[in-house]
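**Q** Chains as they are written, first to last, in this note's numbering: chain A, 1 to 375; chain B, 1 to 554; chain C, 1 to 292.
Check before you lean on any hint, since a few could be wrong.
[Unchecked claim] Below 20 Å or equal to it, Euclidean Cα-Cα: the simulated DMTMM-like pairs (lysine to aspartate or glutamate) are: (1) B:K415 to B:D364; (2) B:K340 to A:E163; (3) C:K226 to A:E163; (4) B:K458 to B:E409; (5) B:K314 to B:E258.
Keep in mind the hints are simulated off the structure, nothing from the lab.
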Amino acid sequence: MHPVAWFIWIGAAALVPLVTRDPLYLVIDFAITCVVVDAIRTQPFTEAAPVFAAPLRFAAFAVLVGALFNGLISHVGETILLRLPDAIPLIGGPLTAESLVYGAINGLILATLFSAFAVLTLAVPVRDLIAYLPRAFYPIAVVSAIAATFVPSSVRQFQQVREAQAIRGHRMRGLRDWLPLFMPVLIGGLERALQLAEAMTARGFAGGNGQPESQGPAVRRGSGTVAQIVLVLGLGSVLVGGVLRLLPGGARWFGLDLSLPLLVLGTAATLWVVWRAGSHVHHTRYRRSTWTGVESACAVLSVVAVLPILILTLRGEAGYNPYPRLALPGFDPLLGLPLLGLLAPIWGLQARRNGTHSAEGADGIGVTTGEGRRL
Amino acid sequence: MITGDRLGFRYPEAPQLVLSEVSFAVAAGDFVIVAGPSGAGKSTLLRSLNGLVPHFTGGTISGRVIVDGLEPVVVGPQRMCRHVGFVFQDPESQFVMDRVEDEIAFALENAALAPGEMRVRVAEVLDLLDLTALRERSLSTLSGGEKQRVSIAAALALRPRVLVLDEPTSQLDPESAEDVLAAVARLNAERGLTIVLAEHRLERVLAFANRMIYVPGGGHPAMVGTPRDVVGAIDLAPPVSKLGKALGWSPLPITTEEGRAFIRERAFQSAVAAARIGTAPVPYLTAQSLDVAYAPRGNGGTRVVSDVSLSLAKGEVTVLVGRNGAGKSTLLKSLVGLVKPQRGQIRLGGRDITAAPVAEICRDVAYLPQDPNALLFADTVMEELQITLRNHGIAPSEAPVPAAALLAELGLADKAGAYPRDLSVGERQRVALAAMMVTRPGVVLLDEPTRGLDYEAKGRLAGLIRQWRDAGLAILLVTHDVELAATVADRVLMMAGGKIEAQGDPHDVLTSATGFAPQIAQLFPGSGWLTVAEALQGLCGDGPARTGLGRAGG
Amino acid sequence: MVDPALSHSRARFLRWAIYGLTSLIGIVAFVYPFFLPALASAGGSAHAVDSPLFLGLLGGFSLIALLLEAQGDATSDAKRTALLGVLVGLNAVLGFLETTIPGPGGFSPIFFLIIVGGYIYGGRFGFLLGALTLFVSALITGGIGPWLPYRMLVSGWIGMGAALVTSLNRVLRLQGTRWELVPLALFGGLWGLLFGALMDLWFWPFAIGPDTQHWQAGVGLGETLKRFAAFYVATSFLWDSIRAVGTIAMLLLFGSPTLRTFRRFARRFAFTVVTPAPGVQPDPLTVREGHA
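So here's chain A without its partners, still in its complex pose (with noise of 0.2 Å):
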């Protein structure tokens, strides 16, 4: 599928656990995310996964250690199993059942979180990653697309400075013995990054945003000016608003509550001014997959999938509280069975799978019919 259509289903499913606290809801949404990671790794990948530990473990591990250690630590909650002697410091006191529901409610959010990124290491590989970064952001995808390639040569490299001093008797016998090893390969990776640079030069990159030589650098710092200047403005607008958050009742100014506009105000000017810079930046992108119906019903699911949860939390009725006496979670189906939708991506593969070999055919004689895609 679309990188694009992964970073929508991602955020959906990653966005249940920032904003709820019903382990139901967070059950539903782990589950889910484990079917697809798994959707992912039945496909025929032609690229070797990344260190991965499987979703399941991870959340056992997650949800144990985060009630043992909420449980230790807080002492609150009205349902006492034991009590643990008060000379012991920090976790001396009750152990109450609340503290331990609340522990591994964490665990099971960090759970979450974590599957639903696997996903995106699972079904995007590095470079359209780094594809898709913002327009803006230009010379940050190509400093990590050199780092990228760099990383498996500089192995390489580690591996015959470690033979080569090894016959010049070098051991290992201290942290000072890394030095032998160490230098060689960065003083190689300094000569390797002019000889790069010059690479880079001969094909035209110009570093910046690469905006032609002939209108020269004073043309780009005035127009950069205006952006900085509302950048200075949005983030201090952010700033006010997130300080106004904190005061309580200080958010309010004539009965207005102004933290919220203002941070609404600031988010708007970074936008802005990433997506100025984005349209001020004189390259082309080649990378980019096709966009088709899969992936619009895909990314549409997985938006209509979380849009109940999301409007019922921030009105503050989806939230579940252990505290002071447990009691069983709510649950709303209207809530719960729309998160069903964050399947999508299981038929989208499918679908993406049957569809490969016309699209394929396509793309080899180098003719995309698709719409460009600029970021």
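With chain A held as given, fit chains B and C onto it using these hints.
**A** Just chains B and C now, with coordinates in the frame of chain A:
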């Protein structure tokens, strides 16, 4: 297409000019070779064609260059990249992306081409360089030749009319080099692309070129003309041309093909060169039926040395040849203990060292790795020597060979205080050698030491090898460079598929194997001659002394 | 035309305004958990619920603004771009080694290069080196998650802060002497501890839970701080001390040769080209040496 008018250049902080008053003209569709010793200004000349000199390097330029109607010095490399494609020495260090097609598209992205147009261009150059099947591959999985073809494709993506290549084959093995040069020649012949190519190994490229620029360095004037004229006037020449010069052949042959014409005309009497006389060699380092299984990191494959026995004798140079992946490097590594054999025994001076630690073996067995840069990290050359001594727990005053004397022997006497990484490729290699030789080992193993060396540095290396042999060291040289092998070898081993397929006198082994025969052996099949000197001796009954062509000249 | 001196000072002001504001926002984001109990008792439970989201937003903005600010300068030409890319890659390998070869405790070799890089090549370069090291390692090891912007921001701060040590050493005239490593090592040790503490702050609301406190009567800011201190000592102090000591050791042991190498190469990476106007005979075109 290209004109240079009294071009001169000085690097920042450099005391003298690297180029001075160089003038030349290149027509569209020409294939130009730029030759000359290292540091003479070949790279500078090439870089002035796309504005990297002076825009990337800094420095002071004088005179004028015009390429495709533009002045690179004025418009800079960013605009010139649409007119001049540039390929560098080391394919590894010019890659920005990690996949073939992304790498090719990099220049197109910089030029802000529309995505549709990009796809067309990428497909076009992929096809042009026969890379279509590799487009999705990760660059780290390609062979050296394939990588260099990707670099060429990436340089051509913007459809320049000139392709400049700066020693594109110096880091490659002979097969990959052939592969790359054939692709370049095809671009020139079929597409009419103007080619400007710097190359050390003239014998590889003279056949394709119709122009040659020789940059002698040291303030001497450059020579420009047809390859035949320029080769006739300079010392750097392939063996066939040297022979032709010595025998007064005209027009001077510059390829083996052209040389054969002269031989068909006259009937030379074939005579086997006299076998070298010497005392019976005493084995010093011996390996008995070695099996080495070894999986290099990140490569997945398992390269094997199987049932190899060999012995290196003091005062003898053994040359090991073989194609890529034949197991030569692995064999070398197992001799110094970097890779432990699964089976077999290695003895050094009668002692079993099969299981000994590397740090112990390497005191008596020097090993020069392919990339000497992996060795060097100290602030001065002298310090590099002291680091090795310290590793072995030897005080500098007790060094088996005084550091200053060793440096003098290696021609580095005036470089003791220099930063090793500032030196030339040949000097760096000799510093690495010095760092290995400071313990005065009895055995020297050299892995592909001619990579990136010019004729002069190669000549020095051959001289050192002979000097050490005469001093009684056992030397094993792994090389693809058959001309060097022909000049120094006392004995040749040929490896294929992890086994030693042939061994014996170089005059037997090197002349019989296709692909490993030096030019002279190709010219006179069956004669047993390997070098210019031997051929002259055989043809004229004349010693090398009179013609002035020693073995080093091959 | 704008007076160049004026536009220069204006650019300087704007730059520092961005640094100042992002630092303040970052601080607000990081101290936010301390205010949660007080907020909650004031009846703002809705705030407590969406706090992780809000925190992510604040951290994200600081990061975006600083990346935008830093990238223009730190990647102004191919040389700096390539240098940054190679150093990020190298550092990501070091970080990768850390995850595959479990070292002692919280020891991480990545801070060494970030600090030295920022010290030599300036704050913006250091910021990107720090932030992108964590970004690229996360890409390689699959460590992407909502925590990533925070980690990037903090390690970027480390690289940026190293430039302040440069100024300090300049004032103290320590540059090039053997004492110049002392302030660097102190800086590295301090951040070794601080990095862990800041990461804990992000994690803390999850671990303890904002609601826990407001069920205990009279929990104020002081008590919250005390609890955090206890939490920190219990969970990560030992861990972070190992990181701090490791970074100090690396700076002291490898600092001088690395600085020497960087300085040697700094000259090759920096000079300015004087381009003649089109059509003018470029004879001779001179290029001046100088540090960008």
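**Q** Holds or violated: are the alpha carbons of K458 (chain B) and E409 (chain B) at most 20 Å from each other?
**A** holds, 16 Å
**Q** Between K415 (chain B) and D364 (chain B), does the CA-CA distance stay at or below 20 Å?
**A** Judged against 20 Å, a Cα distance of about 25 Å means the pair is violated.
**Q** Is the Cα-Cα distance between K340 (chain B) and E163 (chain A) 20 Å or less?
**A** Holds. K340 (chain B) to E163 (chain A) sits at ~13 Å (cutoff 20 Å).
**Q** Is K314 (chain B) within 20 Å of E258 (chain B), Cα to Cα?
**A** violated, 41 Å
**Q** Does E163 (chain A) lie within 20 Å of K226 (chain C) when you go C-alpha to C-alpha?
**A** violated, 52 Å
Of the numbered hints listed earlier, those contradicted by the structure are 1, 3 and 5.
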